[in-house]
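Chemist: Residue strings, one per chain:
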Amino acid sequence: MTLEGEQVGCRRLKVKAETAKLAEVRDFVGQVATEAALHPERVFDLKVATSEAFANAVEHACSSAEDLEVCTRVSPRLFMVEITDNGCFRPPTLPRQPDHPRGLGLPLMVALMDEVSFTRAPSGGTTVRLAVLLGT
Amino acid sequence: MNVTVDKIGGAPLLETQGEIDHGSCAPLQLALDAALEGGNDVVFIDLRKVTYIDSGGLSVLLSGVRRLRERGWLGVIGPNHNVKRLLEIVGLLVDSSFRLFDSMEAAEQAVLERAPA
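Those protein sequences? They're chains A and B, same order as listed. Under the numbering used here, the first residue of the first sequence carries the number 1, and numbering increases by one thereafter. Under the numbering used here, the first residue of the second sequence carries the number 137, and numbering increases by one thereafter.
Hint data in this document are derived by calculation from the structure and do not stem from the laboratory. Note that the Cβ used here is the ideal one computed from N, Cα and C, for glycine as well. Hints are supplied without guarantee of correctness; some may be wrong.
[Unchecked claim] Here are a few chain B residues that sit away from chain A, every Cβ distance over 12 Å (derived from the structure):
id: 1; residue: 145
id: 2; residue: 177
id: 3; residue: 184
id: 4; residue: 190
id: 5; residue: 192
id: 6; residue: 219
id: 7; residue: 221
id: 8; residue: 244
id: 9; residue: 246
id: 10; residue: 249
[Stated by the list, open to error] Here are the in silico distance ranges between beta carbons for each label pair:
id: 11; chain 1: B; residue 1: 250; chain 2: A; residue 2: 119; range: 28 to 38 Å
id: 12; chain 1: A; residue 1: 31; chain 2: B; residue 2: 166; range: 25 to 35 Å
id: 13; chain 1: A; residue 1: 119; chain 2: B; residue 2: 170; range: 41 to 51 Å
id: 14; chain 1: A; residue 1: 135; chain 2: B; residue 2: 154; range: 24 to 34 Å
id: 15; chain 1: A; residue 1: 24; chain 2: B; residue 2: 140; range: 22 to 32 Å
id: 16; chain 1: B; residue 1: 216; chain 2: A; residue 2: 37; range: 38 to 48 Å
id: 17; chain 1: B; residue 1: 166; chain 2: A; residue 2: 133; range: 34 to 44 Å
id: 18; chain 1: B; residue 1: 241; chain 2: A; residue 2: 77; range: 23 to 33 Å
If we strip away everything but chain A, and leave its shape as in the complex, we get (with noise of 0.2 Å):
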């Protein structure tokens, strides 16, 4: 695990793509939304939203040798979330029959955050952005 803060306003997380590690990224972002002085609620929100990201990430990832990046952001508007991995990426899908109980990763996401985008890089890496207002 690495921390840094290379970036004005951005903490980074570096961790294996493992479930095993989603406790880990939990914490980090709970205590940087905490410190943000978000509301209890809304940490709770970010927490769950990004292990719902982060599941998915290593569920694709194209193995567990490597490396996720989690970064938090925060502007005056939004406190954000980037997870971002290394090009194997393939988009969520969603649940193939209504009774079935997979896929619910990308509508609680939506459900809990007030933005949520996937942006894909040149290299080829993926980045889910969540996004909480911040003052709501």
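Given the structure of chain A, go ahead and fit chain B onto it with the hints provided.
Modeler: Relative to chain A, chain B alone:
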């Protein structure tokens, strides 16, 4: 995450604690599978000591509700405020095969009062 199995009003009670996510939900899924394979029409999960849940744990609850739909219901006891919000978001709170209880006493009362099959 550990799961211990007890009984309440004759129905299985799965007790767990801490954080239930994609990496830690397997023991709960296994315990639930075992309870369902035993032919029970009511199964309880005690969430009073659960601090966090995400789609890893929610999927376990949803699978239990789905499999009990024809014969009974899944009862959840004492989720905290945030966990309860997620149960609502995924539609469990309005599912006829799902029941939420504030206390162990209320859960026991419900299972004792249920109509005989």
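Chemist: Confirm or reject each hint.
Modeler: To see whether the hints hold, each was checked on the structure:
1. At roughly 26 Å from the closest C-beta of chain A, the C-beta of residue 145 of chain B stays outside 12 Å, upholding its exclusion from the interface.
2. Against chain A, the non-interface label of residue 177 of chain B holds: every CB pair exceeds 12 Å, the least being about 19 Å.
3. For residue 184 of chain B, the condition that its CB be more than 12 Å from all CB atoms of chain A holds, with the nearest at approximately 17 Å.
4. Its beta-carbon lying about 5 Å from the closest one in chain A, residue 190 of chain B breaks the requirement of being farther than 12 Å from that chain.
5. Its beta-carbon lying about 7 Å from the closest one in chain A, residue 192 of chain B breaks the requirement of being farther than 12 Å from that chain.
6. At the 12 Å boundary, the C-beta of residue 219 of chain B falls inside the reach of chain A, the nearest C-beta of that chain being 9 Å off.
7. The beta carbon of residue 221 of chain B sits about 8 Å from the closest Cβ of chain A, which is not more than 12 Å, so the claim that it is off the interface is violated.
8. Annotated as non-interface, residue 244 of chain B keeps its C-beta farther than 12 Å from every C-beta of chain A; the closest such distance is 27 Å.
9. The beta carbon of residue 246 of chain B is kept farther than 12 Å from every beta carbon of chain A, the shortest such distance being approximately 24 Å.
10. Every C-beta of chain A lies more than 12 Å from that of residue 249 of chain B, the closest at about 28 Å, which supports listing it as non-interface.
11. Roughly 51 Å separates the CB atoms of residue 250 of chain B and residue 119 of chain A, a value that falls outside the hinted 28 to 38 Å.
12. Against the hinted window of 25 to 35 Å, the Cβ-Cβ separation of residue 31 of chain A and residue 166 of chain B comes to about 32 Å, which satisfies the hint.
13. Under the hint 41 to 51 Å, the C-beta atoms of residue 119 of chain A and residue 170 of chain B, about 43 Å apart, fit the expected range.
14. Between residue 135 of chain A and residue 154 of chain B the beta carbon distance is about 32 Å. The supplied range of 24 to 34 Å therefore holds.
15. Hint check: residue 24 of chain A to residue 140 of chain B, Cβ distance near 26 Å, so the stated range 22 to 32 Å holds.
16. The hint said 38 to 48 Å for the Cβ distance between residue 216 of chain B and residue 37 of chain A, and at roughly 21 Å that hint is violated.
17. In this structure the hint that residue 166 of chain B and residue 133 of chain A lie 34 to 44 Å apart at CB holds, the actual value being about 40 Å.
18. Distance hint check for residue 241 of chain B and residue 77 of chain A: the Cβ-Cβ separation is about 47 Å, which falls outside the suggested range of 23 to 33 Å.
Violation of the numbered hints given earlier is confined to hints 4, 5, 6, 7, 11, 16 and 18; the remaining hints are satisfied by the structure.
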